[in-house]
Amino acid sequence: MTVQEVGAAPPGTGAATDADLEARFDALIAADDRVEPRDWMPDAYRATLIRQIAQHAHSEIIGMQPEGNWLTRAPALRRKAILLAKVQDEAGHGLYLYAAAETLGVERAALLDALHTGKQRYSSIFNYPTLTWADVGAIGWLVDGAAIVNQIPLTRCSYGPYARAMVRVCKEESFHQRQGYELLYALANGTPEQRTMAQDAVDRWWWPSLMMFGPPDSNSAHTPRSAAWKIKRHTNDELRQRFVDITAPQADVLGITLPDPLLSWNPETKHYDFGPIDWSEFEAVLAGDGPCNRQRISRRVAAHEDGAWVRAAAAAYAEKHRAGKNSGVEQHSAQQTHSDSTKGAAA
Amino acid sequence: MSETAATGSPVWEVFVRPRRGLSHQHVGSVHADDAEVALRRARDLYTRRGEGVSIWVVPGAAISASSPDEKDPYFAPAGDKTYRHPTFYRLPEGVRNL
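As they're listed, the protein sequences go chains X and E.
FYI, the numbering for the first sequence is 96 to 442, going by the working numbering.
FYI, the numbering for the second sequence is 31 to 128, going by the working numbering.
Hints may contain errors.
[To be verified] Some but not every residue of chain E turned toward chain X, in silico, with C-beta under 8 Å:
no.	residue
1	VAL41
2	GLN55
3	GLY58
4	SER59
5	ASP64
6	LEU75
7	THR77
8	ARG78
9	GLY80
10	VAL83
11	ALA95
12	SER97
13	PRO98
14	ASP110
[Stated by the list, open to error] Anything over 12 Å on all C-beta distances counts as not near chain E; from chain X, calculated:
no.	residue
15	HIS188
16	GLN215
17	SER375
[Unchecked claim] Sample of chain X residues with no beta-carbon within 10 Å of chain E, all distances over it, derived:
no.	residue
18	LEU190
19	GLU197
20	ALA209
21	LYS214
22	THR342
These are calculated hints, taken from the structure and not from any lab test.
For every residue, glycine included, the Cβ atom is placed at its ideal position computed from N, Cα and C.
Construct the entire structure; sequences and hints are all you get.
So this is what it looks like as structure tokens:
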């Protein structure tokens, strides 16, 4: 929120010392209360949130590309309408998240800059290509399924605007996952070629989906502090295990095999055991050497640059309109009446 | 409020009335150069599933807010006036509908 404060000294000055402010912040976190935009917060808390929310927003925006790849080739009008709605949702999720990040005092333009120049990252899952139509199903089922497991605890994140954005996102993700599952189910029960295509897509997306939860707890740079601040409610490994437990039985219903010979139900732990993850692949994709890293960013930058004239035109139009209003030009009176009645309705 | 080409169009805070009979609630923000575009973007972003029957957009810079960080809390005057609540009052046994 870009709101103005009335009659208050800036945080950190006046009567309240930094220690007072920090104690109040700590008490808020301890009470499981929410931190709101105008609250004092430690610089590192703010920086952590900006990094995480921006990365999350970037992931949604970049995530439009692999699926957008199939919009013009969807096999039926129904599937095309669904995919269009889903890709539009991903844009929406990105925008909810950018709006939440902006409440922490960063500019939208600066965040986009950081994405375009590689200063901030997006989820490495979107650096994999969508080779067949079945990939659209695998993304919905596995990638969005993993995202849901990650995001549900974030609806209780200590930072209010992020938590509220996550509530909206989670409601919408559930449609994403179901459409993917339904798509795969149709293929899995189709012709032998369709079955093979579905299995192949799952074979390629399964391991990258497990990597979406981030490095193992033994090697996670951000987990302990984020947990103390209640930004993060569960560790990477806990969430990964939850995802495997939820997903393995769903694969059985599909009649699709998950590509892990070590995957099996463990009656003692009451969880699924699964094989080791190839973290060298994760590191390589993160470092920029995934199949589509350069393509994703160059496409994103091109879209941004191609839109520059639209943004300039909108700004010029608004400026001209304001100038006309201020000089009281006769031809604008109809517009003024309109905006006055809008105000009346709002009051 | 930032309006230069370098920082992009200004922020508008968005308020949605979920249905008739309820008041508008803050749901988030959009960027736009004027109110008309802000309304359209707010519709596309915050009401894709029929979440609202009416939208307000307000320039972020036009909102004034109390500060949560004042040492003497802005809302303290309400704190010691418990007699403003009906639960403050003891009622005699047997009295009804009061």
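Hints breached by this structure: Structure breaks hints 2, 7, 9, 10, 14, 15, 18, 19.
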